[in-house]
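Please arrange chain X on chain S, whose structure you already have, making use of the hints.
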Amino acid sequence: MKDKRMTLFNFVRGAAAILISLAVGTVFIFLTFALAEKHYTFGECLENTGEALRYMLIGPLFKKTGDFNTMGLFQILAAMIPITFTGLATCVMFSANQFNLAGEGSVMAGGFVAALCGIYLKMNTGLHAVVCIVVAAAVCALIMLIPALLKVKLGASEMVTSLMMNYVIMYVVLHFLNVHFADRSKGSTQTFPFAATSKIGEIIPNGSKLTWGFVIAMVFVVLTALFMYRTRWGYAIRMIGANQSFAKYSGMKVGGTIVLSQVVGGMLAGMGGGIEVMGRFNTFLWKELPGYGWTGVTIAILAKNNPIFVPLAAFFIAYLNKGCSLMSTYCNVPSEMIDIIQAAIFLFFAAEQFLSGYRQKLVVKNTRADLMKTAEGRKA
Amino acid sequence: MEKTNTEYVVQMKGITKVYPNGIAANQSVDFNVREGEIHALMGENGAGKSTLMKMLFGLEQPTEGEIYVRGEKVHLTSPTVAIAHGIGMVHQHFMLVPSLTVAENIVLGIPPRKGIFIDYKKAVEITEEYAKKYNLHVDANAKVMDIPVGMKQKVEILKALVRGAKILILDEPTAVLTTQETAELFKELIHLKNQGYTIIFISHKLKEIKEITDRMTILRGGKSMGVYDTKDTTEQEISRLMVGRDVVLSVEKDQAQPTDVVLRVKDLEYTNEWNRKMLNKVSFAVRKGEILGIAGVEGNGQAELVEMLFNLNQPDGGTAEVNGKNILGVDQDRIRAMGVSLIPEDRMTYGIAGDGTIEENLISDRCDKKKFNIGPLFNMRAIHQESDRLIDEFDVLCKSNQQQVKMLSGGNIQKVVVAREFSSDPILIIADQPTRGIDVGATEFIRKKLVELSRAGAAVLLVSADLNEVIELSDSLMVFYGGQISAYFEDTSSINDEIMGEYMLGLKHQSEEEIRRVCHEG
Chain S
431 MKDKRMTLFN FVRGAAAILI SLAVGTVFIF LTFALAEKHY TFGECLENTG
481 EALRYMLIGP LFKKTGDFNT MGLFQILAAM IPITFTGLAT CVMFSANQFN
531 LAGEGSVMAG GFVAALCGIY LKMNTGLHAV VCIVVAAAVC ALIMLIPALL
581 KVKLGASEMV TSLMMNYVIM YVVLHFLNVH FADRSKGSTQ TFPFAATSKI
631 GEIIPNGSKL TWGFVIAMVF VVLTALFMYR TRWGYAIRMI GANQSFAKYS
681 GMKVGGTIVL SQVVGGMLAG MGGGIEVMGR FNTFLWKELP GYGWTGVTIA
731 ILAKNNPIFV PLAAFFIAYL NKGCSLMSTY CNVPSEMIDI IQAAIFLFFA
781 AEQFLSGYRQ KLVVKNTRAD LMKTAEGRKA
Chain X
109 MEKTNTEYVV QMKGITKVYP NGIAANQSVD FNVREGEIHA LMGENGAGKS
159 TLMKMLFGLE QPTEGEIYVR GEKVHLTSPT VAIAHGIGMV HQHFMLVPSL
209 TVAENIVLGI PPRKGIFIDY KKAVEITEEY AKKYNLHVDA NAKVMDIPVG
259 MKQKVEILKA LVRGAKILIL DEPTAVLTTQ ETAELFKELI HLKNQGYTII
309 FISHKLKEIK EITDRMTILR GGKSMGVYDT KDTTEQEISR LMVGRDVVLS
359 VEKDQAQPTD VVLRVKDLEY TNEWNRKMLN KVSFAVRKGE ILGIAGVEGN
409 GQAELVEMLF NLNQPDGGTA EVNGKNILGV DQDRIRAMGV SLIPEDRMTY
459 GIAGDGTIEE NLISDRCDKK KFNIGPLFNM RAIHQESDRL IDEFDVLCKS
509 NQQQVKMLSG GNIQKVVVAR EFSSDPILII ADQPTRGIDV GATEFIRKKL
559 VELSRAGAAV LLVSADLNEV IELSDSLMVF YGGQISAYFE DTSSINDEIM
609 GEYMLGLKHQ SEEEIRRVCH EG
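Just so you know, the protein sequences line up as chains S and X, in that order.
Heads up: the first sequence runs through residues 431 to 810, numbered per the working numbering.
Heads up: the second sequence runs through residues 109 to 630, numbered per the working numbering.
For reference, chain X alone in the conformation it holds in the complex:
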């Protein structure tokens, strides 16, 4: 007992976590990390990786099980306690204040003082000292909103280090990075490892894991599938352990037969509240029967574009038309009446009302329809029929149409959204991160449906941060960088990650003529 305790710097024993919505995210998971190693925590989306790490960082409390740090039993009741035990975490979504400088962010909450004032000079000194020591180069005086994603991540890592973290948890650190930035991050991580730091690396990307980690723990469906030495395990084995079968996530699709332009966007411009130009004269067209993908590192204008197209935000200039009719600044019911559907990026904010029943969430766009009303009253029978039909057709796992949506798993919640958006006979589907954070089954299902609908004649605009997804699914592909289209590929079959990375990072930029092809004019 004593011996095992000293071998590991972190030991989590028999961890079970049940969320208030009844989802068992972890079931009797054991997780052990040796000092000075890079340990991968692997698993698919929804396997329980983030939950396990949230408990190690004190953000969530285990329902059952014990946690030991350096052999000592601890109760990590909050991140403050976790940090006091030398545990730091870099979240997938950065927890930085955009309007403050890098140095200010790094000392946030623990600022050096001069009397009652914050000693800013000292803050810069601290930042630079740590940056040098750990080879994490950042610009201490730059505002966080002005620096690239890769540097933001370094700021997050520095933040943890300055607070005295010896064990670093990185939650999918490469998800938002380009290939080049990822390579740089790996160098820095190895540097940290050599200085005796322990790193827990959450990921579901096989190649990265093989490249950088020493050992790995694999989670599947909330349970541990065991611990393995990275060098003795093949990618196929890992994949099998992660999903339990050899998933083929490549979707079969016929050659697209695009015809008329459905959505035409011209010179769309938008400057955000921090005076950053998020969309800079963006022009493109989506045709009937094709899937046009938008790849790019998040934060390069994709989200803003989608907001404009569904009137969730107002552009500064430009036009957008569906079949020749303006959609900018038009109320959502009229946009929908024109046959436009949207799978929103943030399903909990826009996609559903969590407290509502599945049925209530399925009819939100069509409750005014004649079919569902008898005079002033709802036609409950027609509504029940519609919801049961959609639940059945879109394979939503639930007890009944009266179940609260927030009680469903992420994948099933997304199926509810998709069921509603796909069943209104759309002529244009805007799918923004349609499979983010959901299980393989639901992912496959949604991708298949997207292809099906496009082949049946819908125009699809697909925005995804998942490179594989956007390359697999799209017939043609745009890359967004700095609020502009930096590349357009008419055919996606010849694209590889390397080339994409260069465009996504802004190292390369196609000529205007090449990009203008996406407008399909003349």
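Only chain S is shown next, with the shape it has when bound in the complex:
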């Protein structure tokens, strides 16, 4: 009973954080109209804001006519694929209290490595795609050894090294892309097209880019959850995150487990990058960090590091992204609005003290009830 109420509280708290964030976003949307060069009247501003909100909140799934937008749903699910993987990766690393932010670089490296495998290896359909993804995952797992070993062996902060490493990865990828693998016949810098055998196909071929990668992502949600909550390695990762001294005293291999968490994280992020590139594109054409790694951090925080909640959080973010892009297309609101809203959600979710006064009241109430019960029990 008591714990149920606390769970409910946590949900209410999350919902409140999201609502407040949306309210903050609304204020900013209103301001873009109020401060626009074309002078709107107050009424017009309100009307435009309403229209923009409609696009952002309802637009992704419902057409203007009110019909359900099946294509829109497919596109949102497709957008969930890479961020589900980076979200899972971040969950695993954050659970061990490792603030490794190299998920971002891993996505790019994974995408690039998968692309190269897709271009230069000759294999059968099906197997080829699997090999591409596996190689991408393996390479990124190895890359993550760098911040992990620096942390364990030399005590270098993984947050700093992993953050810097993102840019190292990006420029290394760009160097190889420009110098060795570029298709000179194309106007922009990109690789040669992937072999058809390596492509990850759409579940329903309708151009939504909702590929089998989505199914793989959901399978990995379950696998990661099992790994974290039903194996001794995941358990060790969580205990180290909860109290490293306790883990050491209990006899766990602290250093090894810290490395493991980051290697698993790199693997997941690399896979996400590989699947995204092999599913959505025909050539490798990223010329900057794709941003999925950062989104993964937001998702891990929304999901409270629990893999099971990652698809929910990923859906939410993908939905908002879609809404914001519709809003910027049709209503002239800058697409950066998504960043403002995300930042606000971030703040309220991460702020431990948000609504803590209300929580305390709940606790007091619960304790009172418990004391009454014991008192009655004693009388009887």
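One thing to keep in mind: the hints can contain errors.
[As the list claims (entries may be wrong)] The calculated DSS-like cross-link candidates involving lysine-lysine, where the alpha carbons are at most 25 angstroms apart (straight line), are:
(1) S/K683 with X/K433
(2) X/K331 with X/K181
(3) S/K791 with X/K331
(4) X/K121 with S/K791
(5) S/K683 with S/K493
(6) X/K240 with S/K683
(7) X/K514 with S/K791
(8) X/K318 with X/K274
(9) X/K385 with X/K251
[Claimed, not checked] Distance windows between CB atoms, simulated:
(10) X/E501 with S/L792: 31 to 37 angstroms
(11) X/Q169 with S/S765: 42 to 48 angstroms
(12) S/L792 with X/T185: 18 to 24 angstroms
(13) S/V590 with X/E552: 47 to 53 angstroms
(14) S/L653 with X/K478: 22 to 28 angstroms
(15) X/A490 with S/G686: 46 to 52 angstroms
(16) S/A799 with X/E406: 38 to 44 angstroms
(17) X/D500 with S/M589: 41 to 47 angstroms
(18) S/M589 with X/K433: 36 to 42 angstroms
(19) X/D439 with S/V590: 49 to 55 angstroms
(20) X/K478 with S/M589: 50 to 56 angstroms
(21) X/E629 with S/N736: 54 to 60 angstroms
Calculated directly from the structure, the hints in this document are not laboratory data.
The beta carbon of each residue, even a glycine, is placed where N, CA and C say it ideally should be.
Okay, now just chain X, sitting in the frame of chain S:
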């Protein structure tokens, strides 16, 4: 109303405090102190004494209730506000900067200045002036890390006085003092009282309370059991009010039948980061079937010894072997595999992961065992069975094995630690302050278990700052002083506090031959 307000210098009315973890530490407590008295706040560990005083010092906010100082309603939102109202507190664990001098510590935060520099000379002058005025003799120029515990306490008291405190809260001031130092402290407190200061004295030691206080308020289970004049109350009455029954904390135990040496420590040495020699050629042995106690004022090397034995720190020299196998510098999983268990002194740091569930905390040392794994996956059924069995056997009060450990009371948290450490069939148990800060029931339970295990053949090394506990439980006893063993008693039945005090304070030191008996060689 007005009248009662002026009679008391401090008045706390209907104070209730519920912590964020749901523990109601105080329930409608009234607490009144007269000006110029020494007022005891009594109660067992966990009765809510410290919580009540934290609220008076502004460290915690009451959930309900009002506080009046000199008849004026106050909101003590922080220690700064409390100090402004003339309330000072000396904590059980000293809040001093070890690398600074006594004078620097005393003026910390309120330093006399000369331009932009701190006027150190003035700081020394202030220190000496106050020390003289209040008969609290300290060495103003000594570094805090070099002075004995008794003097540290005086520094803490001076700190409060220099900040203008008229009401002093002393949180278990004698817990870390020897008998002699305690006597000195009492003289100083009476001196302060005679100068018009009000002293609130937190303790659970009956004799001290009888000796020094005028009145007392007794807390039990977070509730006030009333206010009494000390001179009209007997120790038995106080004891009854405190615990609600006449607790017999003496544990029944048979004569020990020690056999082979399990743990042998030889010439263990350790110098800490401030260049203090914490362990100086310590040698001893613990035998199968006996409880070897280590008594001593805290900070004389006991904590360091335990850290070395569980590889939580590296010694500078010496050896330690369990059944002939080295344990120094060996990973904890291998130490545990050899059959060594540790109840750590600081249970919140080492003993548990507070955010984890009870179950997760119970299996932390055995999660790799075959029994709990099926291939790569956990055998959840076996794990649930194990945790339920331990919860049941060790009588952990909880809703289920999935409850967060930090939601439990101190005593139940310690039971979780003990359940894990005692259930791994240990051949050597190192118990460091196993009953510190927990309720009587849990204390009794843990002590009984310790005796049980030793009689069943485990070797037990017991470190405790609680003199009664260490004398009651141990079969034989060492005293630590200044990083050395200063005494060894083969039989604990003849020891009394007085003698112990002299060894603990370093006034007496046994001969090397006498001490060497603890090595049980030949």
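A quick look at each hint next to the structure:
For a cut-off of 25 angstroms, the pair hint linking S/K683 to X/K433 stands: about 21 angstroms separates their Cα positions. A C-alpha spacing of about 22 angstroms is found between X/K331 and X/K181, which places the hinted pair at or below 25 angstroms, so the restraint holds. Pair hint S/K791 plus X/K331 holds up; C-alpha atoms about 21 angstroms apart against a cutoff of 25 angstroms. Annotation: proposed proximity of X/K121 to S/K791 holds, straight-line Cα distance about 20 angstroms (limit 25 angstroms).
In summary, the hint linking S/K683 to S/K493 is not supported, as the alpha carbons are separated by about 55 angstroms, beyond the 25 angstroms threshold. With a C-alpha separation of about 56 angstroms, the suggested pair X/K240 and S/K683 falls outside the 25 angstroms cut-off, and the hint is violated. Only pairs whose Cα atoms come within 25 angstroms are accepted, and X/K514 paired with S/K791 is accepted, the gap being roughly 19 angstroms. Restraint check for X/K318 and X/K274: satisfied, since their Cα atoms lie roughly 23 angstroms apart, inside the 25 angstroms limit.
Distance hint between X/K385 and X/K251 is fulfilled; the C-alpha atoms sit about 16 angstroms from each other, no more than 25 angstroms. Between X/E501 and S/L792 the beta carbons are some 33 angstroms apart, a value that agrees with the proposed interval 31 to 37 angstroms. Taking the beta carbon of each, X/Q169 and S/S765 are about 45 angstroms apart, inside 42 to 48 angstroms as hinted. One distance hint, 18 to 24 angstroms for the beta-carbon pair S/L792 and X/T185, holds here, with the actual separation near 23 angstroms.
Taking 47 to 53 angstroms as the suggested C-beta distance range, the pair S/V590 and X/E552 conforms, at roughly 51 angstroms. Taking the beta carbon of each, S/L653 and X/K478 are about 23 angstroms apart, inside 22 to 28 angstroms as hinted. For the hinted restraint 46 to 52 angstroms between X/A490 and S/G686, the CB-CB distance of approximately 24 angstroms leaves it violated. Judged by the Cβ atoms, the range 38 to 44 angstroms given for S/A799 and X/E406 holds: they are separated by roughly 40 angstroms.
The supplied range of 41 to 47 angstroms is met by X/D500 and S/M589, whose beta-carbon atoms lie about 43 angstroms from each other. Between S/M589 and X/K433 the CB atoms are about 40 angstroms apart, so this pair conforms to the stated range of 36 to 42 angstroms. Checked against the hint of 49 to 55 angstroms, the pair X/D439 and S/V590 fails, with Cβ atoms roughly 28 angstroms apart. Roughly 37 angstroms separates the CB atoms of X/K478 and S/M589, a value that falls outside the hinted 50 to 56 angstroms.
Range check, X/E629 to S/N736: about 57 angstroms between beta-carbon atoms, so the 54 to 60 angstroms window is met.
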